[in-house]
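*Asks:* Chains as they are written, first to last, in the numbering used here: chain A, 1 to 329; chain B, 330 to 668.
Errors might be hidden in some of the hints.
[To be verified] Taking lysine to aspartate or glutamate and the DMTMM-like style, the derived pairs with C-alpha atoms no more than 25 Å apart in a straight line are:
id, chain 1, residue 1, chain 2, residue 2
1, A, Lys266, A, Glu27
2, B, Lys563, B, Glu545
3, B, Lys386, A, Glu258
4, B, Lys659, A, Asp319
5, B, Lys659, A, Glu265
6, B, Lys386, A, Asp319
7, B, Lys386, A, Asp256
8, B, Lys563, A, Asp319
9, A, Lys266, B, Glu530
10, B, Lys386, A, Glu315
[Said to hold, decoys possible] Here are a few chain B residues that sit away from chain A, every Cβ distance over 10 Å (derived from the structure):
id, residue
11, Glu358
12, Asp572
13, Lys597
14, Ser610
15, Tyr611
16, Met667
[What the hints assert, rightly or not] Partner residues are not named here, just some residues of chain B that face chain A (Cβ under 10 Å, in silico):
id, residue
17, Gly385
18, Asp409
19, Met418
20, Tyr439
21, Gly462
22, Gln464
23, Asp500
24, Asp501
25, Gly511
26, Val573
27, Pro642
28, Asn656
No wet-lab data here; the hints were simulated from the structure. Just so you know, even glycine gets a beta-carbon here, dropped at the ideal spot from N, CA and C.
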Amino acid sequence: MTPSKDQILWMYRNMVTSRRFEEIIEEIYMEGKTPAFNMANGPIPGEMHLSNGQEPVAVGVCAHLNADDIVTATHRPHHQAIAKGVNLNKMAAEIFGKSSGFSGGRGGHMHIFDPDVNFACSGIVAQGCGPACGAALSRQMQNKPGVAVSFLGEGAVNQGAFHEAMNLAALWKLPVIFVVEDNAWGISVSKEASTAVPRNDVRAAAYGMPGHFIENNDPYAIFDVAGEAIKRAREGGGPSLIEIETYRLAGHFMGDAEGYRPEGEKEALIEKDPIPAMRARILSDGTASAAELDAIETESQSKVNEAIAFARQSELAADTDALTSVFAA
Amino acid sequence: MSSNGTNERKLTIARAMAESIQQEMQINERVFVMGEDIGELGGVFGNTRGLLEEFGKSRIRDTPISETAFISAAVGAAQDGMRPVVELMFADFFGVCFDAIYNLMAKNIYFSGGGVSVPMVLMTSTGGGYSDGGQHSQCLYGSFAHLPGMKVVSPSNAFDAKGLMTAAMRDDSPVVYMFHKGLQGMGWLGTEAGATVNTPESDYTVEIGKAKVLREGTDVTLVGLAMGVHNALKAADQLAKEDVSAEVIDLVSLVPLDRETIINSVAKTGRLIVVDEDYQSYGVSGEIITTVCEHDISKLKAAPKRVAYPDVPIPFARNMEQFCLPNPDKIVAAYQAMV
Ligand SMILES: Cc1ncc(C[n+]2csc(CCOP(=O)(O)OP(=O)(O)O)c2C)c(N)n1
């Protein structure tokens, strides 16, 4: 599938929004954490997993989804949340632990739920595979349209939950796409050191579903392959597995010294940053002008600024709110 | 047990754990370590630092993120004569692999009538307080201790951390070794200074199943483990200013539980407060209180109290999480409500 100009600019816009959002989060996260880095401090405490570099995966896949479709994401969720169209203000507020966040600060950055666009994520790897199958099953049983996409890392595919869900999805021909973000690292352990096969797309064969591997973190190629797989799922063709080579430009989480990375790796990845690469491609093939892209960047920045301001200005929840919302109202 | 406090060298719990494993690996080639990020990284919480360099990849094995596979593999290896030490990075992750733990590791000695032994250590991090949210902050002491067949320990300081780890590796039964992140001595988690204490260089063991009276007192017994001990000690300091003499017991081990030390203390003080960062209901605090009541309720001058985590998932936002966590003020208030 080839993206239209609108789709290309939509992808670019969401990549930029995600990056600008994370740049600000990164800066604010360090407030109160210098000189001594203590995760508990600052306006954004706790773990922070940035997704910068991995934006093409999110936009290439989510370009084919609408609000009714389901996404289950991981502990590294911002790019996917943004591409799925979650309410950015509420997401920012959630990351700050404010009452105006999706859960009023109960969940935090690894537990972002926006039911309006059917987005959820969680902190234990491969945890989204089963719920994606369940959502797809629900649509199938109710005769309602919709596909579910379960994002997971290449480290997470070694978790039993992934394999059980793959089999279930194939057995019941569920409209599910498993998207593996291969950023080559599971914290400090390389893909090579953790995984018996070089590419996880081959695992699809074990469950009788199509498997694809996409190289080079290329949003156009991702758009193409994901588009076909999602179309197939919508037409009742069942699940697919797509593994995508992508780049983790930051540490596993903020504060990670990354001593395990081979020398020069990070610099080389930054050279291949997908956002300037996409901008260059758009300009060189004449899809859009520099002025159009500049305007998109400005809009993304102001959307992000607004979300951050909203989060900063929001109130904390009452302490005692910790005790509420355990059961359905 | 050789445990002299003359050594002036202070270690963090992280370093004490690593040193214990290092020394045991030097004298017992059947000891090996498996877990996520325990090799080059030295453990997310620092407790295997330096081991890869000394012992190499065969004995210090970074695993795939496949807890069911490598924890049940440890069971198989232990039954076959090895002495594995495995790490479940966060206790919260037990959900993906508990079958290996409580149906295999914990039961195979029994099912075989003692025909096999399962000499393995499952080390796992616990605790919150740094806003890591509800899947990375739980203690789950009661969940592990409830299920028969595994010993469960949790050190409050580096001296015990080293001696308990050595004892655990030498035990022919499975030991769950729960270390609290806030005591680990990793600055990025914030750290309780009281956990970093003098730790002898030579190897020694701390008995599994023996509680410690860390502070003697006559008016109230404060019982806790891991971070709870530090909260209890601080509360005891505060109470002392009000001329209240609190006795502080560090459980050290949940299974076996040293009921006698608790009973003897409450027989003396007549009052009991249990401090527990795990969920309040159906857990450690209930067990300790029941132990005392079942033994001789007439010794109690007041109804026992607990300062535990409320029965809600752990919230991310700092203010809400701190509101839920036990702290010295809550312990002092519990005492004041008793008298
Ligand atoms: C079942 C489980 N085990 C371990 C962890 C700890 N952990 C969090 S992220 C991570 C690495 C995940 O790697 P990958 O799936 O490749 O995703 P990435 O972090 O690279 O996005 C690990 C081991 C976890 N969250 N869940």
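*Asks:* So which of the earlier hints does this model not fit?
*Replies:* 5, 6, 9, 10, 17, 18, 20, 23, 24, 26 and 28
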